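Generate the whole structure from the sequences, applying the supplied hints.
Protein chains in written order, with my numbering: chain L, 1 to 305; chain F, 1 to 556; chain S, 1 to 298.
Incorrect hints may have been included.
30 Å max Cα-Cα, derived BS3-like pairs, lysine-lysine [as the list claims (entries may be wrong)]: (1) F/K206 <-> L/K50; (2) L/K170 <-> F/K206; (3) F/K202 <-> L/K50; (4) S/K126 <-> L/K205; (5) F/K133 <-> L/K52; (6) L/K68 <-> F/K209; (7) F/K337 <-> F/K374; (8) L/K170 <-> F/K256; (9) F/K480 <-> F/K154; (10) F/K161 <-> F/K480; (11) F/K528 <-> L/K157; (12) F/K500 <-> L/K39.
Chain F residues, not near chain L, derived (Cβ > 12 Å throughout) [stated by the list, open to error]: (13) K161; (14) G163; (15) H203; (16) K243; (17) P391; (18) E401; (19) K415; (20) K416; (21) I449; (22) N532; (23) V553.
In case anyone wonders, no lab produced these hints; they're calculated from the structure.
Only a predicted model underlies this, so the values are computations on that prediction, with no experimental measurement involved.
All residues carry an ideal CB built from backbone N, CA and C; glycine is no exception.
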Amino acid sequence: MLKYIIGRLLGIIPVLWVLATITFFLVRLAPGSPFDSEKAVSPEILAHLKAKAGFDEPLPMQYLIYMKNLLQGDLGPSFRYTNLSVNEAIATALPVTMQLGLCGLIYAIILGFGLGMFAATKPNTLRDYGSMGFSLLGVCMPSFMIGPLLMLLFAIKLRWFNVSGWETWKDMVLPSLTLGTIFAAYFSRLVRVGFLDILNQDFIKTAKAKGLSARRIFLLHAAKGGVLPAVSFLGPATASILSGSLVVETVFNIPGIGRFFIQSAFNRDYGMIIGTTLVYGVMLILLNVVVDVAYALLNPKVRYD
Amino acid sequence: MGKKLNALACTLVRTFLLGLLTAVALMLLPLQLQAEAVKQIIRIGNGTEPRELDPILSTGVPESHIEDNIFEGLCSRDPLTEKTIPGAAESWEISEDGLTYTFKLRKNLKWSDGVKLTAHDFVYSWRLALDPKTASEYAYQLYYIKNGEAFNKKKITDNTKIGVVAQDDRTLVVTLERPTPYFLDIVAFHTLYPVPKHVIAKHKEKWTKEGNIVGNGAFKLVEWRLNQHIKLVPNEHYWDKDKVKIQEAYFLPIEKAETEEKSFAAGQLDMTATLPTVKIATYMRDKQKNPKTSPFRRSAMFGTYYYQFNTKAKPLDNKLVRQALSLTVDRTLIAEKVARGGQIPAWSFVPPIEGKYQPKKYLNTSVSKADIAKAKALLKKAGFPDGKGMPKIELLYNTSEGHKKIALAIQQMWKKHLGVQIKLLNQEWKVYLNTTRSGKFQISRRGWIGDYLDPNTFMDLHVEGGGNNEIGFAHPEHDKYIKLAAAESNNKKRMDYFHKAEAILLDEAVVMPIYYYVSNRLVSPKVKLVDNKGKLHPWRGNLFDRLPLKHYVMTK
Amino acid sequence: MTKTATTAIDELKQAEQGTSLWTESFYRFKKNKMAVLSIFYLLIQALMAIFAPMLTSYSYEATDLMLGAVAPSSEHWFGTDELGRDIFTRTLYGARISLAIGLLAVVVSLVIGIIYGAVSGYFGGKVDYYMQRFLEILYAIPFMILVIILLTMFGHNIFMLFIALGAIQWLTMARIVRGQVISLKEMEFVEAARCMGVGRLMIIMRHMIPNILGPVIVYTTLAIPALILEEAFLSFLGLGVQEPMSSWGTLISDGVEIMEEHPWALVFPSLTLMLTLLALNFLGDGLRDALDPKVSQH
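Shown next as structure tokens:
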């Protein structure tokens, strides 16, 4: 197991190298540069601006310099935020995105599992249809629609929560709900199916016949098996939470890494684009590893060695 | 078994609902504890996150909103009268020929860290701004000063030859290249603000970071949270600190206008930077009903929204085609039905300046039958009767909902009135800049906001070889009038030259003005402006969209 | 889950007969009313999209500035947008884009995903090992991020959108197919067939493909709504289809901005989107119940 984890983590390095190289050349191929501005800039000043940013070197040389700095963990300067390095900018934005993702996920898990189990206890009743109807609705609404609707109701009409920012807990409620809803919906459906599946299996029936208490059966057997499909969904879910946060951060004006990413792509902030892409890559790999490990721990049939 | 499981599921759902309720209850508590007294705290929506706050380097509006409060030039602007008023200088003298300005600085000027500020700081700052190594994009704002341009373009290397000298700690003598009647406006612009030599020496490029930055304005920066807010508090070393009422000012970078409006509606902001077009009608109706409490504010701006025709591209190299196209654009319809932000349909390139420059009515703001007939005749004369045989025309604009709507409307007008079919092309901002800069377009959208209150800021755009002349316009007579105006110190004569040059520009129809900009924003009725005598006025905007918080106060 | 020899032989017989398996599935599917209803809804939706020009007298691009935004009426069933364009027409034409993106992207992912997954799963061993490592590398690349870079920087056209969305989707498809192939390979009835001397190609054709098809069809029906939402998400970021074309994504993201003033601009396109996604979900559930005998046990 440990060997497997280490192997997976070591696998990050070539992936990141490929990713950094692709992005490095991709952004430089794109039309427009960080130095284009609305009002005319004289050629002399432009030359100085480029020299300041190290753009007077030939491209392969720039690539080597970038890779050398990257090896030392330095993502270089930002052209958009002139007195910040990409490292500093990411260091302030990443925790925000992680908080947002975590809040969204926790909400999704609590509501999703609650609804799913709620529905599974009495399948094919009004309660089942009600819960599943709600979750289907969640799957079908784009988050950029849920967000403004929540804002209108809870922030503007009721004034309970805030519309923008990420400083007080009042700021955090609506974005987390917006981000988590679709995952809550998915979870609830998976959990429902998982539980129904397990509850109908022979060993549960045997356990019941043996006179084990319902709670014991539930916690020991059903829960573990019933949660399994939902856990396997956690991987793709966390990955799409990353891209989902792009939208939520834009709608709610949250200073996370997603907004940085979009801004930097529009501003041709080369260093920031590569930096944020790499951070996304690392997060994705780590999340996949975590999910795979969790899956293995829950499901003894899966083995990694 | 089923029952137990059922109970557990119920518990989970109940826990969730309980959690929600607790959250609501918790949030209601602090509401009751809020103090009654008016807090002098203002929260301002400020568009995008500032790039940097070095007044010499910055180019954007969000940056200038903050810089105008943490720095102060020799002069500044009165938000109520729109006049240039003394800033760091208490008085000045202008020589007969209009070439020498002698500024007298105020007594005991200090930086926000308590260090003394003298005329030498201005000399240092202006030399720095002009230094080619600084690579300031706005260095041209100092080209009025003698040898400023030469030094910036490396024609001379001795920075002591630049026409700015500190006679003593409180006297600054500035020599100009030519008489520049609007020089006091220029002095109030952020590129000419003083920057602290002692701080820059210590922190180098990082001097504008939180904790490092030192200014000489009415406020100082105490917090800079990336993409969250910038917090200003009064500067206790400011010469006029007794006038400052606001105790805390927050500038919040909110990029989406929709989010900003919602933040205002939810009470998170006291002032927005913009207002989404669709919301304007709603707020206008509210204003008619409750004029006292409405937050809607509209003010004129010194700017024009226009299309430019590339004179090097077929068929727009033909003056007749350009004239025909310009004639058949219904500017009133666009302003009222498409832009719908209260913009003023343009009849000239330079917006009118009250009491200074009243442009002639070069353009009809709505299209009459006679206009259409005339345009058709022009097109026929150009060899394209009813648009037949016309080479394909592409209209370029940068990706944005507003630009798109106007382009769609104009596309339809030309199709309807002239039978001319054009294609629309949109590009992302940076790509669009690159394309227009290299002149690879036929028609492109453009907007220009004046840097100072003088026709020159518009009229010198289309001088042959100028950096902003993207359409390859070359007209010796037009250029001659611009040069004559630059050398002229008599104001009336100067304006006459501009009238003549503008007449040429619009007769050639290389630019097609559409409307004059206005700014729409939401401002809480609690925000008031204080005049010199301490009287309160409702908040109102100004031509250059400045927000001098020194003159602001929060009321009930 | 141990299966007795008799059931294995039963399954083998069933698979040999092939058709009976499908007939049974079809029968099961027919019983699911929601799923059948969904099929009809989707068919109508698709037909309306295909024959859009015949269903409306308005153009999807012509503006009517003097009209502006008006509420739904007998003239404009869904009302008009701010430029006076008929929203019913734009929703119809938007269906073309949104459905096409869903379908085409899924086809891309089907082709690549099935081939990749089947090869990897069937051959196993070293081939499988390296193909899986490669897949892992691809999994670690934030494709959505690269797509955004590509679309923002190189301008966006609809062709690029198709490719980009399809390229994201095939990874999961490949994983599902591989897992299915591996588990099938070890099934008793396949081994039994092998023992009986049935050829490799025959095994793949008669036994593997029909059995893989179930999960693949189910996954596909569930992937289409995800793709439609993905397109909507790109539209929200301003990277979707370009004006004057519309997709449901662009209509909704435009509608959200004017929902307080002109609610119809949001309500109708989003209802259409939601109904379609609902139908696809019901269809997916119905197909899973019908095709996946394991779940349908209860």
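Evaluated hints:
1. F/K206 <-> L/K50: 19 Å, holds
2. L/K170 <-> F/K206: Roughly 33 Å separates the two Cα atoms, so the pair is violated.
3. F/K202 <-> L/K50: 24 Å, holds
4. S/K126 <-> L/K205: 42 Å, violated
5. F/K133 <-> L/K52: 9 Å, holds
6. L/K68 <-> F/K209: Measuring from Cα to Cα gives roughly 27 Å; hence the hint holds.
7. F/K337 <-> F/K374: Distance ~25 Å between F/K337 and F/K374 Cα, so the pair holds.
8. L/K170 <-> F/K256: Holds, at roughly 20 Å.
9. F/K480 <-> F/K154: 26 Å, holds
10. F/K161 <-> F/K480: 29 Å, holds
11. F/K528 <-> L/K157: 26 Å, holds
12. F/K500 <-> L/K39: 25 Å, holds
13. K161: 18 Å, holds
14. G163: Per Cβ check, F/G163 is outside 12 Å of chain L; nearest 20 Å; holds.
15. H203: Non-interface label fails for F/H203: nearest chain L Cβ at 9 Å, not farther than 12 Å.
16. K243: 30 Å, holds
17. P391: Holds, because the least Cβ-Cβ distance between F/P391 and chain L comes to about 24 Å, which exceeds 12 Å.
18. E401: 15 Å, holds
19. K415: Holds, since 30 Å exceeds 12 Å.
20. K416: 32 Å, holds
21. I449: 10 Å, violated
22. N532: With a cut-off of 12 Å, F/N532 remains clear of chain L, as the shortest Cβ separation is near 35 Å.
23. V553: 25 Å, holds
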